[in-house]
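Protein chains in written order, with my numbering: chain U, 21 to 225; chain E, 6 to 215; chain H, 21 to 267; chain V, 21 to 267.
Possibly wrong hints are sitting among the right ones.
Derived pair list, reagent style SDA-like, types lysine to any residue, alpha-carbon separation capped at 20 Å [said to hold, decoys possible]:
hint: 1; chain 1: U; residue 1: LYS48; chain 2: U; residue 2: GLY83
hint: 2; chain 1: H; residue 1: LYS205; chain 2: V; residue 2: LYS205
hint: 3; chain 1: U; residue 1: LYS48; chain 2: U; residue 2: MET60
hint: 4; chain 1: H; residue 1: LYS205; chain 2: V; residue 2: HIS260
hint: 5; chain 1: H; residue 1: LYS205; chain 2: V; residue 2: PHE262
hint: 6; chain 1: H; residue 1: LYS205; chain 2: V; residue 2: THR196
hint: 7; chain 1: U; residue 1: LYS48; chain 2: E; residue 2: ILE77
hint: 8; chain 1: H; residue 1: LYS205; chain 2: V; residue 2: LEU224
hint: 9; chain 1: V; residue 1: LYS205; chain 2: H; residue 2: GLY261
hint: 10; chain 1: V; residue 1: LYS205; chain 2: H; residue 2: PHE262
hint: 11; chain 1: V; residue 1: LYS205; chain 2: V; residue 2: ASP225
hint: 12; chain 1: V; residue 1: LYS205; chain 2: H; residue 2: GLU238
hint: 13; chain 1: V; residue 1: LYS205; chain 2: H; residue 2: TRP257
hint: 14; chain 1: V; residue 1: LYS205; chain 2: H; residue 2: HIS260
What the hints contain is simulated information worked out from the structure, not anything from laboratory work.
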Amino acid sequence: MRRSRADDLLGTYVPGTSILHRSPLWLKTVVLLGACVAIMAVRAWPVSLAAFALSAVVSAACGLGLRRWVRSLRPLLLLVGVLILYHLVANGPARAADVVLSLLAVVAITRLLITTTPLPRLIDGLVTLCAPLRRLGVDPERVGLAVSLMIRSVPWLFGVLSGLRDAAAARTVRPSPVQLVTPAVIATVDYAHRTGEALAARGLE
Amino acid sequence: MTAPARDTRTVTSFDLANIAVFAALTCVLALAPAIPVGALGVPITLQTLGVYLTGMILGSRRGFAALALYVIVGLLGVPVFAGFVGGPAVLGGPSVGYLLSFPFAAALVGALAHRSVRAERVRRRAGSTSAAPERRGGLVITLFGAALAGLVLSHVMGIVGMMLTAGLSLRAALLTDLAFVPGDLVKALVAALIAVAVHRAFPRMAGAVL
Amino acid sequence: MQPALRPGSPEPLYCADVTVTAEGPAGPVTVLDRVTCEFTAPRTAVVGLNGSGKSTLLRLFNGLVTPTSGVVLTGSVDPVAFPREARSLVGFVFTDPASQILMPTPLEDIELSLRRRVPDRVQRSEQALSWLRRMGLEHRAHHSVFDLSGGERQLVALAAVLAVEPRVLILDEPTTLLDLRNRLKLRELLDGLPQQQLVSTHDLDLAESAEHVVVVHEARILDQGPPELVLPRYRAWCAHGFPGETA
Amino acid sequence: MQPALRPGSPEPLYCADVTVTAEGPAGPVTVLDRVTCEFTAPRTAVVGLNGSGKSTLLRLFNGLVTPTSGVVLTGSVDPVAFPREARSLVGFVFTDPASQILMPTPLEDIELSLRRRVPDRVQRSEQALSWLRRMGLEHRAHHSVFDLSGGERQLVALAAVLAVEPRVLILDEPTTLLDLRNRLKLRELLDGLPQQQLVSTHDLDLAESAEHVVVVHEARILDQGPPELVLPRYRAWCAHGFPGETA
Ligand SMILES: Nc1ncnc2c1ncn2[C@@H]1O[C@H](COP(=O)(O)OP(=O)(O)OP(=O)(O)O)[C@@H](O)[C@H]1O
Ligand SMILES: Nc1ncnc2c1ncn2[C@@H]1O[C@H](COP(=O)(O)OP(=O)(O)OP(=O)(O)O)[C@@H](O)[C@H]1O
Ligand SMILES: O=C(O)CCCC[C@@H]1SC[C@@H]2NC(=O)N[C@@H]21
Ligand SMILES: [Mg+2]
Ligand SMILES: [Mg+2]
Numbered sequence: 021m022r023r024s025r026a027d028d029l030l031g032t033y034v035p036g037t038s039i040l041h042r043s044p045l046w047l048k049t050v051v052l053l054g055a056c057v058a059i060m061a062v063r064a065w066p067v068s069l070a071a072f073a074l075s076a077v078v079s080a081a082c083g084l085g086l087r088r089w090v091r092s093l094r095p096l097l098l099l100v101g102v103l104i105l106y107h108l109v110a111n112g113p114a115r116a117a118d119v120v121l122s123l124l125a126v127v128a129i130t131r132l133l134i135t136t137t138p139l140p141r142l143i144d145g146l147v148t149l150c151a152p153l154r155r156l157g158v159d160p161e162r163v164g165l166a167v168s169l170m171i172r173s174v175p176w177l178f179g180v181l182s183g184l185r186d187a188a189a190a191r192t193v194r195p196s197p198v199q200l201v202t203p204a205v206i207a208t209v210d211y212a213h214r215t216g217e218a219l220a221a222r223g224l225e
Numbered sequence: 006m007t008a009p010a011r012d013t014r015t016v017t018s019f020d021l022a023n024i025a026v027f028a029a030l031t032c033v034l035a036l037a038p039a040i041p042v043g044a045l046g047v048p049i050t051l052q053t054l055g056v057y058l059t060g061m062i063l064g065s066r067r068g069f070a071a072l073a074l075y076v077i078v079g080l081l082g083v084p085v086f087a088g089f090v091g092g093p094a095v096l097g098g099p100s101v102g103y104l105l106s107f108p109f110a111a112a113l114v115g116a117l118a119h120r121s122v123r124a125e126r127v128r129r130r131a132g133s134t135s136a137a138p139e140r141r142g143g144l145v146i147t148l149f150g151a152a153l154a155g156l157v158l159s160h161v162m163g164i165v166g167m168m169l170t171a172g173l174s175l176r177a178a179l180l181t182d183l184a185f186v187p188g189d190l191v192k193a194l195v196a197a198l199i200a201v202a203v204h205r206a207f208p209r210m211a212g213a214v215l
Numbered sequence: 021m022q023p024a025l026r027p028g029s030p031e032p033l034y035c036a037d038v039t040v041t042a043e044g045p046a047g048p049v050t051v052l053d054r055v056t057c058e059f060t061a062p063r064t065a066v067v068g069l070n071g072s073g074k075s076t077l078l079r080l081f082n083g084l085v086t087p088t089s090g091v092v093l094t095g096s097v098d099p100v101a102f103p104r105e106a107r108s109l110v111g112f113v114f115t116d117p118a119s120q121i122l123m124p125t126p127l128e129d130i131e132l133s134l135r136r137r138v139p140d141r142v143q144r145s146e147q148a149l150s151w152l153r154r155m156g157l158e159h160r161a162h163h164s165v166f167d168l169s170g171g172e173r174q175l176v177a178l179a180a181v182l183a184v185e186p187r188v189l190i191l192d193e194p195t196t197l198l199d200l201r202n203r204l205k206l207r208e209l210l211d212g213l214p215q216q217q218l219v220s221t222h223d224l225d226l227a228e229s230a231e232h233v234v235v236v237h238e239a240r241i242l243d244q245g246p247p248e249l250v251l252p253r254y255r256a257w258c259a260h261g262f263p264g265e266t267a
Numbered sequence: 021m022q023p024a025l026r027p028g029s030p031e032p033l034y035c036a037d038v039t040v041t042a043e044g045p046a047g048p049v050t051v052l053d054r055v056t057c058e059f060t061a062p063r064t065a066v067v068g069l070n071g072s073g074k075s076t077l078l079r080l081f082n083g084l085v086t087p088t089s090g091v092v093l094t095g096s097v098d099p100v101a102f103p104r105e106a107r108s109l110v111g112f113v114f115t116d117p118a119s120q121i122l123m124p125t126p127l128e129d130i131e132l133s134l135r136r137r138v139p140d141r142v143q144r145s146e147q148a149l150s151w152l153r154r155m156g157l158e159h160r161a162h163h164s165v166f167d168l169s170g171g172e173r174q175l176v177a178l179a180a181v182l183a184v185e186p187r188v189l190i191l192d193e194p195t196t197l198l199d200l201r202n203r204l205k206l207r208e209l210l211d212g213l214p215q216q217q218l219v220s221t222h223d224l225d226l227a228e229s230a231e232h233v234v235v236v237h238e239a240r241i242l243d244q245g246p247p248e249l250v251l252p253r254y255r256a257w258c259a260h261g262f263p264g265e266t267a
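Hey, can you work out the whole structure from these sequences and the hints?
Structure, rendered in structure tokens:
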């Protein structure tokens with residue numbers, strides 16, 4: 021039941037009124053994802069560098085702030101280090117720069133999409149996108165519902181894990197990791213059961 | 006009894022909730038610190054623990070759906086892949102083979118695991134004298150075997166993925182992949198131990214008792 | 021805009037000779053044992069020990085539990101054959117609101133309830149907001165449900181159920197997780213609702229407010245009647261042993 | 021064989037000018053605000069609204085929560101610097117027993133608690149059984165904990181904590197899931213224990229049985245004293261608004 025900072029990763033939407041916030045979802049998606057595909061296809065480091073720098077500019081211009089832009093890339097630090105080392109040795113600096121810069125640019129650009137679109141809109145977009153699946157017998161509305169359920173379950177799961185850690189600490193016992201994780205998974209299945217019942221009770225069969 | 010009756014054609018609300026919650030479980034496991042290893046920086050993660058657990062507990066159909074949901078949400082840009090990454094960029098990255106293998110591995114593990122859970126139960130019904138045969142280790146071993154099948158599938162797809170996206174030779178890709186094997190074996194065993202306890206607590210997860 | 025509530029003529033909740041058995045670790049367990057009852061009072065409270073079968077009894081009426089034998093009627097609907105119809109007649113509030121709220125924010129959750137009846141997105145949003153206003157939770161509309169307090173969460177769950185405008189409200193221990201103030205607030209809110217209510221609870225103050233009280237004990241109905249007669253007996257049984265027990 | 025309990029001289033639970041802040045969705049939140057208090061009564065009850073800070077206050081004393089500033093003392097141990105020592109002095113019972121019971125059966129769970137002090141396996145098993153006997157749960161020793169009712173589970177969780185023979189017992193809402201009979205049974209059990217107790221609760225009957233009651237409100241201690249003085253005031257605040265509120 022408790023929030024930690026890790027839960028926020030799914031609610032990354034930042035309210036605002038910039039052009040990115042206001043433009044229709046389909047347009048935004050086509051432009052941003054098109055840029056990603058282009059970067060991956062061209063594979064030249066100056067292009068990647070330009071795109072990367074542009075993502076910073078757009079981020080600042082849309083009121084998202086440079087600090088948030090940097091923070092979204094920090095988890096990649098370790099990976100970037102490994103990639104630079106390997107490609108410097110194996111393939112030379114140009115290739116290293118291209119690999120790293122295109123990775124960073126693409127991550128930064130996709131992040132622009134989810135920080136400027138509220139989650140419900142994003143899910144509506146996914147539902148529209150899934151319309152062709154109707155022919156395969158998949159109901160797009162159900163896909164949207166599943167995504168919402170998944171996102172609302174993540175903070176709950178973090179809470180369960182930290183609760184069990186506390187319980188073990190409070191008893192000053194050291195159960196093996198398996199002993200500790202088993203109750204968490206069982207609680208998870210129980211939670212899924214209750215969620216299923218709530219869905220049924222609310223007529224969302 | 007409390008679970009709404011299962012219909013094999015459609016996704017019931019009970020199935021939907023399980024799919025969503027296990028996709029979320031895989032997210033949470035993926036967000037535990039990942040350790041990049043090898044030349045390409047594909048990390049050691051707990052995602053495969055999520056894949057094996059989901060398969061063993063939900064079975065093939067729901068297991069596939071749960072992991073497909075996870076991969077789709079990640080591809081859409083929500084940062085749920087290893088190291089808080091998200092977006093279609095991973096399709097061109099070295100871990101693409103592993104990621105795309107997840108739904109299929111879960112389905113494979115699920116098919117094998119649920120079959121052995123049901124067989125175990127039939128054996129018990131048929132007059133086994135032991136009070137709780139599921140505790141005696143037999144099921145742990147068969148579930149571990151099911152996870153091994155999933156392990157092989159995801160590693161094969163992972164190797165192919167590294168060869169295609171990073172241009173590695175088969176040899177180099179195999180060597181890179183080898184670094185993940187010990188960890189994944191441990192995760193498979195852990196998943197089997199946990200899944201046995203779960204099936205003990207929720208006997209209906211593997212479908213009607215025959 | 022104030023959402024309209026249909027004032028309800030009573031919808032009798034009825035079951036005849038209902039037995040429910042479940043698969044236990046050592047063979048089948050009888051959870052309800054040949055129960056016959058009819059609830060028509062504006063508020064009926066179900067009390068009983070842990071594991072006596074209260075939640076199972078409540079779940080019969082919206083088809084979440086299927087009886088092994090016997091007949092159940094929700095209004096004039098058979099919830100076994102027509103669970104969808106029964107569920108649209110009955111709103112069910114669970115003990116733990118965390119597993120009942122299905123969407124990441126309160127507003128989205130109430131919108132989910134309205135989806136079928138209000139196709140227009142803007143209208144739907146407005147109606148959902150007006151429900152939150154009724155609960156005094158307008159300022160929380162866009163917060164994550166995990167940032168709400170226990171009481172606020174229970175109110176959101178109730179609003180989401182009321183938004184479908186059910187004829188009957190079934191609540192399974194709705195006050196267990198709440199502090200005294202939230203308990204009083206929820207009671208006040210329930211008192212103001214036109215719907216017929218069936219409430220299971222360990223909170224005997226809440227049971228006191230019902231017109232009819234039912235005691236479930238070991239899978240059967242042990243006693244029923246007006247609260248001023250039944251509750252003192254129940255208190256005595258809890259303290260000194262139930263009939264037929266060697267306390 | 022009856023497990024021996026050390027009769028406790030009081031271990032004062034003390035905190036001075038303690039502030040706890042946590043990372044909220046919109047910047048830091050103050051969960052406890054410059055709280056100073058000392059608990060020495062045989063039983064102290066902590067009451068307050070949902071989210072007022074009760075659980076956080078309780079968790080200070082076994083180092084599960086670290087104060088942002090201020091000093092905490094558990095007996096003569098600083099739980100921030102020596103969490104292990106503090107935790108072996110204090111037994112902590114969580115609200116939700118499901119998250120506290122770590123092993124699949126009650127017997128195994130109590131054996132887990134005894135592991136450090138009783139190396140011999142046969143003896144350990146015997147002692148665990150005798151704890152279950154004290155709780156009246158001997159017949160449940162080998163059942164799966166998932167088959168126990170809420171009340172039985174809460175009693176197992178308590179037994180597992182008592183088995184470590186702590187000097188102080190901290191209980192976070194121990195009666196929430198219980199029916200009236202189990203509530204009375206738990207109270208009787210607590211009354212018979214020699215340990216000093218600190219209990220947070222929404223169950224005002226349980227609070228009534230304490231020697232000292234503390235009201236936590238909006239991260240501060242609003243009131244404290246003997247139950248017959250404090251509880252009527254708390255009830256009035258819940259019904260008509262807390263001081264400084266426009267009810
Ligand atoms: N699907 C099931 N499988 C096995 N046992 C079950 C099942 N459903 C209910 N039971 C058992 O039936 C009994 C009655 O359960 P129920 O949930 O109706 O009790 P309750 O009166 O609501 O208890 P509480 O006050 O603790 O909520 C319990 O002992 C429970 O363990
Ligand atoms: N780690 C944390 N991160 C963010 N918020 C927290 C954290 N810990 C506590 N809080 C917040 O601090 C407040 C007090 O929490 P606490 O659990 O102490 O309340 P409580 O009085 O025990 O409530 P209840 O009666 O519902 O159990 C709550 O609003 C809670 O959301
Ligand atoms: O980018 C991702 O999220 C995917 C990482 C894939 C890691 C693979 S999964 C199989 C193998 N075992 C591990 O521990 N890591 C790799
Ligand atoms: Mg119940
Ligand atoms: Mg609390």
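The hints, checked one at a time:
no. : hint                : result
1   : U:LYS48 - U:GLY83   : holds (17 Å)
2   : H:LYS205 - V:LYS205 : violated (29 Å)
3   : U:LYS48 - U:MET60   : holds (18 Å)
4   : H:LYS205 - V:HIS260 : holds (11 Å)
5   : H:LYS205 - V:PHE262 : holds (14 Å)
6   : H:LYS205 - V:THR196 : holds (18 Å)
7   : U:LYS48 - E:ILE77   : holds (19 Å)
8   : H:LYS205 - V:LEU224 : holds (17 Å)
9   : V:LYS205 - H:GLY261 : holds (12 Å)
10  : V:LYS205 - H:PHE262 : holds (14 Å)
11  : V:LYS205 - V:ASP225 : holds (13 Å)
12  : V:LYS205 - H:GLU238 : holds (18 Å)
13  : V:LYS205 - H:TRP257 : holds (13 Å)
14  : V:LYS205 - H:HIS260 : holds (11 Å)
Going through the hint list in order, the structure does not satisfy hint 2, though it satisfies all others.
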